[in-house]
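Undergrad: So the chains spell out like this:
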Amino acid sequence: MSGLRLRGVTKSFGSVKVIKGVDLDVADKEFVVFVGPSGCGKSTLLRMIAGLESVTAGELHIGDKLMNDVDPSRRGIAMVFQSYALYPHMTVRENMGFALRFAGVAKPEIQRQVQEAARILELEPLLDRLPRALSGGQRQRVAIGRAIVRHPEVFLFDEPLSNLDAELRVHMRIELARLHKELKTTIIYVTHDQVEAMTLADKIVVLRDGIIEQVGTPLQLYDDPDNLFVAGFIGSPKMNFLKGVIVEGGVRLPGHGDVVVPAREVAAAGTPVTVGLRPEHFAQGGPAMIGVRVELVEHLGGETYAYARHGQSELMTLATNNARDLAAGDTYEARFDPAELLVFGADGKRLR
Amino acid sequence: MAQARLGRSEQINGWLFVMPALVLLGMFMIYPILWSLWMSFQTGRGMNFSFGGIANIVRLTQDPVFQRALTNTFIFLIVQVPIMLVLALLFAAALNDSKLWGRSFFRTAIFLPCVTSLVAYSILFKSMFANDGVINDFLLAVGLIATPIPWLADPFWAKVVVILAITWRWTGYNMIFYLAAMQNIDRSIYEAARIDGVPAWARFWHLTVPMLKPVILFTSVISTIGTLQLFDEVNTITAGGPSDSTLTLSLYIYNLTFKFMPSFGYASTVSYVIVVLVGILSFIQFVVARDRR
Ligand SMILES: Nc1ncnc2c1ncn2[C@@H]1O[C@H](COP(=O)(O)OP(=O)(O)OP(=O)(O)O)[C@@H](O)[C@H]1O
Ligand SMILES: [Mg+2]
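If you read the sequences in order, they're chains A and B. Using my numbering, read the first sequence as starting at 1 and increasing by one per residue. Using my numbering, read the second sequence as starting at 1 and increasing by one per residue.
FYI, nobody ran anything at the bench for these hints, they're computed from the structure. On a predicted model such as this, the values are computed, not experimentally measured, just so you know. Don't take every hint at face value.
What the hints assert, rightly or not - Label pairs and their in silico Cβ distance ranges:
| no. | chain 1 | residue 1 | chain 2 | residue 2 | range |
| --- | --- | --- | --- | --- | --- |
| 1 | A | Gly39 | B | Pro82 | 44 to 50 Å |
| 2 | B | Phe218 | A | Asp202 | 48 to 54 Å |
| 3 | B | Phe218 | A | Gly301 | 21 to 27 Å |
| 4 | B | Ile83 | A | Gly39 | 45 to 51 Å |
| 5 | B | Phe106 | A | Ala57 | 30 to 36 Å |
| 6 | A | Ala57 | B | Arg103 | 25 to 31 Å |
| 7 | A | Ala57 | B | Gly226 | 50 to 56 Å |
| 8 | A | Ala57 | B | Leu112 | 48 to 54 Å |
| 9 | B | Phe204 | A | Thr217 | 54 to 60 Å |
| 10 | A | Ala106 | B | Asp63 | 57 to 63 Å |
Backbone N, C-alpha and C define an ideal beta-carbon position, used for all residues, glycine too.
Build the full structure now, drawing on both the sequences and the hints.
TA: Here it is as structure tokens:
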């Protein structure tokens, strides 16, 4: 069994603090995804868990062992890199078996392990090829195979799919989900693609600027974000944020014809707030309504998105329940259920 | 049609542009090469020579001095080139570690000999290894030896001095090639190996060395060529002595042409021995390094 426990973990490069105090628990066999914008410290945190970067302060436990100063090879982890990091002069078979030679594993056993990994990853016909004769997706699978043969307790993935084209990405995503079921190990996965995060994770960790913004299941983060950042980061297309003021019995939207949307009074009347409404909340309709003028229509086939605003308001994205005859310039009644509305204070924190 | 005509005038223009360079190359490179090939079949002394067919080649097989020079050259090649390349590789590997303290200082220090003049450094080595030079003084002072080593008077030690000198001069040069190649290797390859528990020596031997194979081939070919042409150092430090124990092919060619009663034809033949050796050795190295897959 091998969960992880991070307590007050920080990392500084010289005087620059990159990870600013992270507390995190990862349960055994959990699929955890780190997401966040570029430069927020996802890779750094992952590399600290791997032992490739030292921990400046705090405690890192893998299983029950304090791992701060343990050599990377003794942490029971395996890592898959964005660049695949395959050994270019070795065949697929040699790539996968290379590390085992130094772990004192006998030759026939190495062969067996490599065969087994090749079977799981459907690499058998490629075993004698060099990496340069493989496609991106195949290289990625070899890199995963190299990790599998070591039977690690924890797999670490750093943006493993970002070099693949969109279609292959979807395919590999499904493969990874299947792999997690089959291998039954803890996986920590870094991405800045929130769709990957939503589809793969048991638990998502949203990072920003070296701090954890929120931890939760994909649906918790989607339905119940703690702050503006998480609300805006999770979900596609992005959530609409409208300026509002708390009034008795609801929120007034000054930019949208002063409509008052009924809501629980989460703050004193007169408090300026930001109101969050997801595009898809407009697809179901409901008692609340904002009148808007459509500026642009996007037909995705299954759904039609309208980009619209009220007067000079911010541009809103609306799912229209596939209103295919909608055109730019139309006026449109954007209807939604006020129960879906999320209210954020001036500091970005959610008001509940 | 128009395009063809345009093509022709472009061709003429093109040739006109490269013509001066081609003429100069022809005059100063191709002509001497062909002339020396012709010369290598001439026998005679000074300006007084005649066609001798394979007489010069026969003379090679009966010339003990030539055989001495050939043997010496091969000893330098077989001993010095591997030592130098292994050293260069180890230095490069050590200096590629970003955590090493003062690595830019060491890089510069190891590369610096390459910018010194061949003759100047050779004179320096000659004086350092003189009987009463600093090397003997130092070894005597620390008590490693009881009597001075006759560095330049003993056939064995003279070879050692030459090997030390060229190693000092050229190791940094080769190291730069290795360093440049190493910096092109994806760092995550090493990180992956480290996580997978591959020990440091195996990362060097099974990852770095194979990935540097093309550069190692390149440096071994140019070092081989350089050693076959070894001249400045031996001429300055030992002048081929004592008793021809450090005589190289190039030095012998020089002696044949400029020191002894000039024997241009025979000297050309010895030059072509070097050409043939370079060809054969380079070919062997390419075959050995060929990708078997
Ligand atoms: N070796 C280093 N020295 C100094 N600063 C570093 C170093 N490595 C990373 N950083 C800085 O730390 C911050 C976090 O980097 P990190 O690579 O963890 O970001 P990331 O979240 O993985 O981003 P991306 O999504 O672009 O991969 C960045 O601002 C980066 O400039
Ligand atoms: Mg990253």
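Undergrad: Please name the hints from earlier in the document that this structure breaks, with their numbers sorted from lowest to highest.
TA: Checked against the structure, the hints that fail are numbers 3, 8, 9, while the rest are satisfied.
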